[in-house]
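Protein chains in written order, with this note's numbering: chain A, 1 to 144; chain B, 1 to 285.
Some clues are possibly wrong.
Derived lysine-lysine pairs resembling BS3-like cross-links, with alpha carbons at most 27 angstroms apart [as the list claims (entries may be wrong)]:
| id | chain 1 | residue 1 | chain 2 | residue 2 |
| --- | --- | --- | --- | --- |
| 1 | B | 86 | B | 123 |
| 2 | A | 99 | A | 144 |
| 3 | A | 42 | B | 244 |
| 4 | B | 106 | A | 123 |
| 5 | B | 106 | A | 85 |
| 6 | A | 31 | B | 73 |
| 7 | B | 73 | A | 85 |
| 8 | A | 42 | A | 144 |
| 9 | B | 148 | A | 103 |
| 10 | B | 244 | A | 82 |
| 11 | B | 106 | A | 144 |
| 12 | B | 106 | A | 117 |
| 13 | B | 86 | B | 106 |
| 14 | B | 86 | A | 91 |
| 15 | A | 85 | B | 148 |
Worth flagging that the hints you see were computed from the coordinates, not collected in a lab.
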Amino acid sequence: MKAARLATSFVIGVAAAFSSAYAQTAPIVVKNAWVRATEPSKMESAAYMDIENTSAEKRAVVGVMADQAKMAEMHNMSMDGKLMKMVQIPKIDVPARGKASLKPNGMHIMLMGLTTKLAVGDKVTGSLKLDNGTMVPFTAEVRK
Amino acid sequence: MNARRAAGALILLVSLAACHRQAALPVLPIGGDFALTDHNGQRFELASLRGRAVLIFFGYTFCPDACPTTLSKLSSVYRRLGPDAKRVKTLYISVDPQRDTPAVLKADLANFDVDAVGLTGSKPEIDTVVKAFGAAYEIVPMPNSAAKYSVAHTTSLYALDPSGHTRIEFAYEASVDEIVYGLQRILAEPVSPAPAPAPVQAGPVVHALKGTVLEVDVENGRIGVEHEPIPGFMNAMTTELPVKDRRELEHVSRGDTITARLVTSGGELWLEGIAVQPPDESKSK
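Extracted from the complex, chain B is given alone in its bound form:
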């Protein structure tokens, strides 16, 4: 919630940027490294783009209306960036993995002059990224249409700095000028001395998570948790995470303070080893 409000405020700031130069861009508490499948069917890791600014948006190729609008706007952005265009990569993440195979994404992107990678993956993989960015989508059934369904989705465009931190959330209405200006500010920053988010590794990576339980969904094996920062991996945030063994959820309830292992492996992410902390112990820590 706070992240969303902060992002909203930032959008305002960005739209005022033409008149007022402001202090350094904040680091937004959204995003983080992820792995998906690219439009050539290869594993793609966000961490492979360190050193370049990255634009990310969510969409689906079956939508012939709004998604191409974003891509054509971005082709103008690339033209306007001139030599800096080489320092910016765009990621088009599909929220319709059922229809958006790598081949479909590739064909769609070929239509636009944007240095973009189309990304798809399993639904849990995509959901993890969508949540990490505070984005959302939902399937809209269209029973009388040959399309069968469409996908309603949020339309923000996220700009990441060369160390992989999310710095600007642009509204759908952001102009080419605003996006170009935002990217120029990011690219003009001195190289951040702060450590970059931990690169995604091939094998399982385990992080220690500590947080407060907001919601328990035993049936679907998911837990809503407001967790503390996970250094080098994720900022403190409220998120929903899959739990490998849903039986672990049977002894957890809303309001509990928990510790757990947050495991990432091959683009999948889950919680395991959930332990409920006695209230006293959590205070003394």
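Extracted from the complex, chain A is given alone in its bound form:
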């Protein structure tokens, strides 16, 4: 249900991204996006990126979807005493004129139910849903 709704908003988001009006008003940009390569039978991977906010208003990412995965969620890896723990997080804050960095051993986007093998050099496309309702498209390169 949720995925379908997200998917619909994603289509709108992508369409909007192609209009220059959208581009000018999009204060959030995704940079250095990459996804870990997988073997054919592997159903999960992780996406990493820098989410930059050029505006003077703080934003948050509240949802995410990727075209090559059935589900995408925001997760965070952290140390809880001696245990390394992975939990789902409801949002990723992106400070005004700042950025949120998603990198290994920290926040990442977990891709579940991959619909294709992710070989080095492939692209993963998707979008981030912001707390103000905007969708920010991203293209991530598959790396080892």
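Put chain B on the given structure of chain A with help from the hints.
Relative to chain A, chain B alone:
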């Protein structure tokens, strides 16, 4: 507890190793031989790796973030080892047997240039190995996630010498250089004249155990015990062991000195024949 502190101190030592050469590596009171199921679905015994250094870590393949980081670090370690790489085997022990079938482990490892065996097994089998290494894990429910749950786990990397003794516990943050240096030290040691841990055998093997009871869990059929060394099998350690017949636990309480048979068979390990020793007798022995 002591083992953990010792291991912590060792991690420090290892990180200082670049500046100071120190005395021979100690033998850590953790580990021991075990049997699990490998990524081809075959029975695997640690003892089959005698003569090679072994790296062991715990993880789960569903975690797409930290576990691949360890594997990619290890592929750098293997590259750096050069010809010595042939003398090092890596064991990736899953703490998520529900999702990590042999096939899943195999696919996961195929992604990395590491001479590794993925190991899984029943939960009791895995728990036995986890405890033997002083590691830990816990299931973290994620009710709103399609993943349903994740597994929090300790992240040490253990290096074993060619006779199967645990020699270094590396912290997760250990660099490629530190791991390569540690392995080179292990591989440079003269062959140990000390007897290797007893190889795991197919049939039941019985060891005599003597120790002090720390905790009794009748409901789950488990006993916490601080036991004396079991020559050729296990160093003295504090551990929790399953008890085959939980009725045996009804006459045991915390603080008792016990003798028992520690049985291993087909990768399973349990206590039976528990006898509480009168305090006088245990002192006179």
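Hint check:
At most 27 angstroms may separate the alpha-carbon atoms for a hinted pair to count; residue 86 (chain B) and residue 123 (chain B) exceed this at roughly 31 angstroms. Restraint check: the Cα-Cα separation between residue 99 (chain A) and residue 144 (chain A) comes to about 24 angstroms, which is no more than 27 angstroms; the hinted pair holds. For the hint linking residue 42 (chain A) to residue 244 (chain B), the alpha-carbon distance of about 38 angstroms lies beyond 27 angstroms, and the restraint is violated. Note on residue 106 (chain B) and residue 123 (chain A): the hinted pairing holds, with a Cα-Cα distance of about 25 angstroms set against a maximum of 27 angstroms.
Taking the CA atoms of residue 106 (chain B) and residue 85 (chain A), the gap is near 24 angstroms; set against the 27 angstroms cutoff, the hint holds. Distance check on the hinted pair: residue 31 (chain A) and residue 73 (chain B) sit about 25 angstroms apart at the alpha-carbon level, within 27 angstroms; holds. In summary, the hint linking residue 73 (chain B) to residue 85 (chain A) is supported, as the alpha carbons are separated by about 20 angstroms, within the 27 angstroms threshold. Proposed proximity of residue 42 (chain A) and residue 144 (chain A) is supported: the alpha carbons are some 14 angstroms apart, at most 27 angstroms.
Proposed proximity of residue 148 (chain B) and residue 103 (chain A) is supported: the alpha carbons are some 23 angstroms apart, at most 27 angstroms. Distance restraint check for residue 244 (chain B) and residue 82 (chain A): the Cα-Cα separation of roughly 31 angstroms exceeds the 27 angstroms cut-off, and the hinted pair is therefore not satisfied. Between residue 106 (chain B) and residue 144 (chain A) the CA atoms are separated by roughly 17 angstroms; this keeps the pair inside 27 angstroms, and the hint holds. A threshold of 27 angstroms between alpha carbons decides the hint, and for residue 106 (chain B) with residue 117 (chain A) the separation of about 16 angstroms falls inside it, so the pair holds.
This hinted pair checks out: residue 86 (chain B) and residue 106 (chain B) have alpha carbons roughly 20 angstroms apart, not beyond 27 angstroms. At most 27 angstroms may separate the alpha-carbon atoms for a hinted pair to count; residue 86 (chain B) and residue 91 (chain A) exceed this at roughly 46 angstroms. Taking the CA atoms of residue 85 (chain A) and residue 148 (chain B), the gap is near 14 angstroms; set against the 27 angstroms cutoff, the hint holds.
Violation of the numbered hints given earlier is confined to hints 1, 3, 10 and 14; the remaining hints are satisfied by the structure.
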